[in-house]
Structures are given as structure tokens and as C-alpha cells.
Amino acid sequence: DAKTTQPPSMDCAEGRAANLPCNHSTISGNEYVYWYRQIHSQGPQYIIHGLKNNETNEMASLIITEDRKSSTLILPHATLRDTAVYYCIVRVAYVTGGGNKLTFGTGTQLKVEL
Amino acid sequence: NAGVTQTPKFQVLKTGQSMTLQCAQDMNHEYMSWYRQDPGMGLRLIHYSVGAGITDQGEVPNGYNVSRSTTEDFPLRLLSAAPSQTSVYFCATRLNSNYGYTFGSGTRLTVV
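Residue numbers (this note's numbering), protein chains in the order written: chain A, 1 to 114; chain B, 1001 to 1112.
The set of hints was computed from the structure by calculation and includes no laboratory data.
Don't take every hint at face value.
Stated by the list, open to error - List of simulated lysine to any residue pairs, SDA-like, C-alpha gap at most 20 Å:
hint: 1; chain 1: B; residue 1: K1014; chain 2: B; residue 2: R1068
hint: 2; chain 1: A; residue 1: K101; chain 2: B; residue 2: G1040
hint: 3; chain 1: A; residue 1: K3; chain 2: B; residue 2: M1041
hint: 4; chain 1: A; residue 1: K101; chain 2: B; residue 2: T1102
hint: 5; chain 1: A; residue 1: K52; chain 2: B; residue 2: S1097
None of these values were measured; they are calculated from a predicted model.
Chain A with its partners taken away, still in its complex shape (with noise of 0.2 Å):
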């Protein structure tokens, strides 16, 4: 799976956006970029993943370059409820053999304050 790169902590204003970035310049063509985040002390929830076009859902929208070498996680309209640690995961969609297994970084610490 392609190593990331992401700022080990974000500070945003309640109701301004979150930009979220994080780099994966040796990403292969079939890997799928993910986003998951951890509130402290719970299980790891996820966000949104994409492949190469921009996605969106009810939580985020997932914004990847064109040379797919990096990517950005946006909350539109943070709150203080988005306090988490936020992961980026580059890996293949369906791993057979070696483990459906996904690989958390250091992830970044997004602050949402009042």
C-alpha cells in the first residue's frame, strides 16, 4: 500500500470548512484513496473513499488531484462534534492473500473550536 503524509495536527473555527490534505505521490493506478477518523475512545468510522474522480457524501467531500499524487478531505461546515484524528489510507479496493488489512498512519488531529 502507498505511504501518506499528513500534518500531525489542524486547528479549524466551528462552522468554517476543514481542509484536510494528505500526500500519496507513490500511489499505484488501482489504489483507492480512503478517509476514516477516530473520536477519542471510539472505533475508527469511516468517511468517504475515491479512486481518481471527486467524490462527496452527507459527511465530506474528497478532492484528488489530477496526478492523483495528493488529495483533501473537506468538512464543509465543522463542528465542535468533528473533533477527531483524521486518517488518510491509500490502498488497493480487494486485497486477496496478504489480508484485507488497512494501515493507519499517524493521521492529523483536526481542533474544532468555537
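With chain A held as given, fit chain B onto it using these hints.
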């Protein structure tokens, strides 16, 4: 629809004791897996299953057993607990490769 249910939420064991961590899902997900999370280590895959009757090892399987007799349940057994198994354990499931994983709320295990 309860999603992924893990029991118990907390457990303290003595070294050498055995126990089973339960994971149940009502979403008819084919994939189920167990992770452990330790400070500074991220999540590490213990065992996984791609369907009923099929299980395989992850990256840290030693000291743990699993079975998958039904689609709904994927219990994790600690045969002889050791202090090194003190951790937070998460069960994760997904329908297929087109979806993300759904995680349970975790079991916090302390082995003394």
C-alpha cells in the same frame, strides 16, 4: 439495525486466563476482522474472515484464535492471556470491496 456490536466493553484478566471477545453484526457483511490498537502503534490486523467458514491470519495473530461459523458472528479467543495483550480491540466489517469498513466501539482489555 445495531451495526457492529462488541462485548464486553471492558475486561480485566489475570495472566494465563482465557476469554472470548464477541463481535456480532446484523448488516450481512461478508468481511469481518479484528484489530488491536496500542498507543503509538496504530491499528494492527489480528485475524480476518472473507465469509462464513473462512478465516486467515493478519499481521499479529499469535495468541489469538478465531472462527466464523455464521455470517453474523466473529469471536476472538485469547487462549492464555499475557500482559502484552493489554490493548483496545476493534472488530471491523464491510459488505464488499465497494464500501468502507464499519467498526465496533471496541473492547478495552487489561491483562494483569
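Handout entry: Contradicted hints - numbers only
Key = Number 1 - this is the single hint that the structure violates.
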